[in-house]
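Visitor: Each chain, written out:
Protein chains: 2
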Amino acid sequence: MKKHNFYAGPSILPEFTKEKTAEAVINFAGTGLSVMEVSHRSKEFVAVMDEAMALVKELLHVPEGYSVLFLQGGASLQFLMVPYNLMGKKAAYLNTGAWSSKAIKEAKLFGEVVEVASSKDANFNYIPKGFDVPDDVDYLHITSNNTIFGTELLKEPEVNVPLVADMSSDIFSHPIDVAKYNLIYAGAQKNLGPSGATLVIVKDDALGKVERQIPTMLNYQTHINAGSMFNTPATLPVFASLQTLRWLKENGGVEAMEKVNIEKANILYSELDRNKLFVPTVANPEDRSRMNVTFVMAPDYAELEKDFLDFATSKGMVGIKGHRSVGGFRASIYNAMPVESVKALVEAMQDFEKNK
Amino acid sequence: MKKHNFYAGPSILPEFTKEKTAEAVINFAGTGLSVMEVSHRSKEFVAVMDEAMALVKELLHVPEGYSVLFLQGGASLQFLMVPYNLMGKKAAYLNTGAWSSKAIKEAKLFGEVVEVASSKDANFNYIPKGFDVPDDVDYLHITSNNTIFGTELLKEPEVNVPLVADMSSDIFSHPIDVAKYNLIYAGAQKNLGPSGATLVIVKDDALGKVERQIPTMLNYQTHINAGSMFNTPATLPVFASLQTLRWLKENGGVEAMEKVNIEKANILYSELDRNKLFVPTVANPEDRSRMNVTFVMAPDYAELEKDFLDFATSKGMVGIKGHRSVGGFRASIYNAMPVESVKALVEAMQDFEKNK
Numbered sequence: 001m002k003k004h005n006f007y008a009g010p011s012i013l014p015e016f017t018k019e020k021t022a023e024a025v026i027n028f029a030g031t032g033l034s035v036m037e038v039s040h041r042s043k044e045f046v047a048v049m050d051e052a053m054a055l056v057k058e059l060l061h062v063p064e065g066y067s068v069l070f071l072q073g074g075a076s077l078q079f080l081m082v083p084y085n086l087m088g089k090k091a092a093y094l095n096t097g098a099w100s101s102k103a104i105k106e107a108k109l110f111g112e113v114v115e116v117a118s119s120k121d122a123n124f125n126y127i128p129k130g131f132d133v134p135d136d137v138d139y140l141h142i143t144s145n146n147t148i149f150g151t152e153l154l155k156e157p158e159v160n161v162p163l164v165a166d167m168s169s170d171i172f173s174h175p176i177d178v179a180k181y182n183l184i185y186a187g188a189q190k191n192l193g194p195s196g197a198t199l200v201i202v203k204d205d206a207l208g209k210v211e212r213q214i215p216t217m218l219n220y221q222t223h224i225n226a227g228s229m230f231n232t233p234a235t236l237p238v239f240a241s242l243q244t245l246r247w248l249k250e251n252g253g254v255e256a257m258e259k260v261n262i263e264k265a266n267i268l269y270s271e272l273d274r275n276k277l278f279v280p281t282v283a284n285p286e287d288r289s290r291m292n293v294t295f296v297m298a299p300d301y302a303e304l305e306k307d308f309l310d311f312a313t314s315k316g317m318v319g320i321k322g323h324r325s326v327g328g329f330r331a332s333i334y335n336a337m338p339v340e341s342v343k344a345l346v347e348a349m350q351d352f353e354k355n356k
Numbered sequence: 001m002k003k004h005n006f007y008a009g010p011s012i013l014p015e016f017t018k019e020k021t022a023e024a025v026i027n028f029a030g031t032g033l034s035v036m037e038v039s040h041r042s043k044e045f046v047a048v049m050d051e052a053m054a055l056v057k058e059l060l061h062v063p064e065g066y067s068v069l070f071l072q073g074g075a076s077l078q079f080l081m082v083p084y085n086l087m088g089k090k091a092a093y094l095n096t097g098a099w100s101s102k103a104i105k106e107a108k109l110f111g112e113v114v115e116v117a118s119s120k121d122a123n124f125n126y127i128p129k130g131f132d133v134p135d136d137v138d139y140l141h142i143t144s145n146n147t148i149f150g151t152e153l154l155k156e157p158e159v160n161v162p163l164v165a166d167m168s169s170d171i172f173s174h175p176i177d178v179a180k181y182n183l184i185y186a187g188a189q190k191n192l193g194p195s196g197a198t199l200v201i202v203k204d205d206a207l208g209k210v211e212r213q214i215p216t217m218l219n220y221q222t223h224i225n226a227g228s229m230f231n232t233p234a235t236l237p238v239f240a241s242l243q244t245l246r247w248l249k250e251n252g253g254v255e256a257m258e259k260v261n262i263e264k265a266n267i268l269y270s271e272l273d274r275n276k277l278f279v280p281t282v283a284n285p286e287d288r289s290r291m292n293v294t295f296v297m298a299p300d301y302a303e304l305e306k307d308f309l310d311f312a313t314s315k316g317m318v319g320i321k322g323h324r325s326v327g328g329f330r331a332s333i334y335n336a337m338p339v340e341s342v343k344a345l346v347e348a349m350q351d352f353e354k355n356k
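Residue numbers (full-length UniProt numbering), protein chains in the order written: chain A, 1 to 356; chain B, 1 to 356.
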């Protein structure tokens, strides 16, 4: 039976990425050796890293004056690298969920954190708006998509300070205006590749302004100077990420992705708004994530939750159980998720409704 | 033509590791999904992590009271995590090369570093002996194998303080007495798997003794508490590492590896001591690395360096160019390197000698 992969991350990747990676695990770039066993300083792997950095710049229209890095440690390591490098005495954070909260916790080790707004009062089921940001902060940190709670900031907040964003779960899903950011970071394991690679886009002249001593590996400048080769990068995850970047370009880039992502999200949210058994957890349409669609059973049908999970599983749906802090269900419909899989889930919801 | 992979790292891996990884990149554990696109919290991947941690304990005979972790960031991140977590005010470091020097540089950000000895005076071509270690240091840090300079500490120094070791390039190549260590770390990309995974073995009660605040991701206790799942681990590199651990067990473990590694090293060093064209850079046999065999042209034949590199390359040797700080050649003969490849290199050296 065909599986429909709705995992929140690590999550569905293009067939192209899987095929090319499997090939290179056996024979990389005609070397007769695996991509896993070739020096990161070989000309073959240097070409991989160079192309990956160039494609990120091309696809996201990264302006001059920014560097693209492939690091390790995921967003969780960025939570501390960002303030280590960019926070003088004070920074602002918008709290939209579990990941924002973790970023705030680390930032507090480095200075004063101004939490400009929070949706914690409603279990993070909306994006706060109309908040004020002090002029004297070094940046405003946002989490552009909240994987757990199913909300997304599809447009940057209009503020007078540079932005820093955790885009782990929606990077490459729609165009962004990189010029508004001092730094963007993203764990690879949603729209890019396997876990183990971390993408960073940093404005060069935002660096070098803090007084604290930064350990070498935590200093973005170290990695800029070495072209992400200061130490051995995660070569296999970077190779796989490059395949996805090539697939993205071949398929029309982030502009084309946005169109399909809107289509997929509309199909699923329309059904959730129609089907009497289910309720989306995010009420405001403009806050609804196009990547992670969270929903619960309607109050009158709460006892059917386990039944629906079993039914959907029997139809090939994988990974739709909701995060424990929200409950219910979560359908993650990243770039690589075909419209057909979204339609299969909707069909399962309709079939289940008919039988009740 | 058969390639003989002498890269220093990322480096040769068992065929078994490559085959199993290529399979799982397409279809992991019968899920019909790639190991790259399955949640790290799925029961299938949790089983991978659990087995990998258990096999490390089994193969290295890790005593009770130690935790095994799979982290990210390589040895370079450990250079700072070690003092962040383990150094109160003072620690001792043995300086045996470039990697030791980098570890020392990071430790100096956290307190007083006592460099107990250094072989820098002779371009690190020997292992210092007979040094004193102050009683009031928290640990003595050693680099057990020096990839660049071709030296190895095959036995732990006899000291009265706990050891901490960077074993990136010789872990699993011979038995070790883990009880002498407070912490052992190793980037995976030599004897374990692809780059992107970092193995740490830490004595639980060595932690929690420093007063400084440690950022969450840099605190070993975070990862112990979460079974290496605090954040998304590098799932594909960990999966591949597990395959090598299985291969190690199937092939007699580190005890069997040691025998073959001694045999391979003897074959190569014997030829270097015999062949008039070449000179090993490490004179003292007991300091010679069994993992990285470094050699240069004999003074009378210095002009033949490029010729030999071309000749060896024409015979299928890959990655034998020496590191720029030593020059000449380096043949890395890790666990997965078959005796046949070492013999092929020796044959190339002999053929080259006959024609001169």
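In case anyone wonders, no lab produced these hints; they're calculated from the structure. Note that this is a predicted model, so its numbers are computed, not measured. We put the CB at the ideal spot given by N, CA and C, even for glycine. Don't take each hint at face value.
Claimed, not checked - Mimicking DSS-like on lysine-lysine, the simulated pairs with C-alpha atoms at most 25 Å apart in a straight line are:
#, chain 1, residue 1, chain 2, residue 2
1, B, Lys-259, B, Lys-57
2, B, Lys-315, A, Lys-43
3, A, Lys-3, B, Lys-20
4, A, Lys-43, B, Lys-321
What the hints assert, rightly or not - Computed footprint of chain B on chain A; a stretch qualifies when at least three of its residues, placed anywhere within it, have a C-beta under 8 Å from a C-beta of chain B:
#, stretch
5, 8 to 16
6, 122 to 134
7, 141 to 151
8, 189 to 202
9, 235 to 243
10, 271 to 284
11, 289 to 299
Claimed, not checked - Simulated restraints on C-beta separations:
#, chain 1, residue 1, chain 2, residue 2, range
12, B, Arg-41, A, Lys-356, 44 to 52 Å
13, A, Ala-256, B, Lys-3, 35 to 43 Å
14, A, Gly-65, B, Asp-300, 29 to 37 Å
15, A, Asn-27, B, Lys-43, 42 to 50 Å
16, A, Glu-58, B, Asp-50, 58 to 66 Å
17, B, Gly-32, A, Leu-109, 41 to 49 Å
18, B, Thr-313, A, Gly-227, 22 to 30 Å
19, B, Asn-266, A, Asp-205, 52 to 60 Å
20, A, Ala-179, B, Lys-3, 44 to 52 Å
21, B, Asp-135, A, Asp-121, 50 to 58 Å
Visitor: All the hints need checking, so say for each whether the structure fits it.
Guide: Do the hints match the structure? See the list:
Straight-line distance between C-alpha atoms of B/Lys-259 and B/Lys-57 comes to about 21 Å, which keeps the hinted pair within the 25 Å bound. With a C-alpha separation of about 20 Å, the suggested pairing of B/Lys-315 with A/Lys-43 holds against the 25 Å cut-off. Between A/Lys-3 and B/Lys-20 the alpha-carbon distance is near 22 Å, which keeps this suggested pair within the 25 Å criterion. Restraint check for A/Lys-43 and B/Lys-321: the C-alpha separation of about 14 Å stays at or below 25 Å, so the hint holds.
Evaluation of the coverage hint for the stretch 8 to 16 of chain A: fulfilled, as 6 residues show C-beta separations to chain B shorter than 8 Å, against a requirement of three. With 0 residues carrying a beta carbon less than 8 Å from a beta carbon of chain B, the stretch 122 to 134 of chain A misses the three-residue requirement, and the given coverage is violated. Given a C-beta distance limit of less than 8 Å, the hint that chain B covers the stretch 141 to 151 of chain A is violated, as 0 residues qualify and 3 are needed. Beta-carbon proximity to chain B at under 8 Å applies to 6 residues in the stretch 189 to 202 of chain A; the threshold of 3 is reached and the given coverage holds.
A count of 4 residues in the stretch 235 to 243 of chain A with a Cβ less than 8 Å from any Cβ of chain B is obtained; the coverage claim is therefore met, three being the minimum. Remark: the stretch 271 to 284 of chain A is not confirmed as covered by chain B, as 0 of its residues place a Cβ nearer than 8 Å to a Cβ of that chain, below the required three. Requiring three or more residues with a Cβ within less than 8 Å of a Cβ of chain B, the coverage given for the stretch 289 to 299 of chain A is violated, as only 0 such residues are present. As the Cβ distance of B/Arg-41 to A/Lys-356 is approximately 30 Å, the hint placing it in 44 to 52 Å is violated.
Checked against the given bound of 35 to 43 Å, the beta carbons of A/Ala-256 and B/Lys-3, roughly 40 Å apart, stay inside it. About 54 Å separates the C-beta atoms of A/Gly-65 and B/Asp-300, a value inconsistent with the hinted range of 29 to 37 Å. Separation of A/Asn-27 from B/Lys-43 is about 32 Å and departs from the stated range, judged on CB atoms against 42 to 50 Å. Taking the beta carbon of each, A/Glu-58 and B/Asp-50 are about 41 Å apart, not inside 58 to 66 Å as hinted.
Distance hint check for B/Gly-32 and A/Leu-109: the Cβ-Cβ separation is about 43 Å, which falls inside the suggested range of 41 to 49 Å. Taking the beta carbon of each, B/Thr-313 and A/Gly-227 are about 26 Å apart, inside 22 to 30 Å as hinted. Between B/Asn-266 and A/Asp-205, the C-beta spacing of about 56 Å keeps the proposed range 52 to 60 Å intact. Separation of A/Ala-179 from B/Lys-3 is about 46 Å and conforms to the stated range, judged on CB atoms against 44 to 52 Å.
A hinted range of 50 to 58 Å holds for the C-beta pair B/Asp-135 and A/Asp-121, which are about 56 Å apart.
This entry does not satisfy hints 6, 7, 10, 11, 12, 14, 15, 16, going by the numbered hints stated previously.
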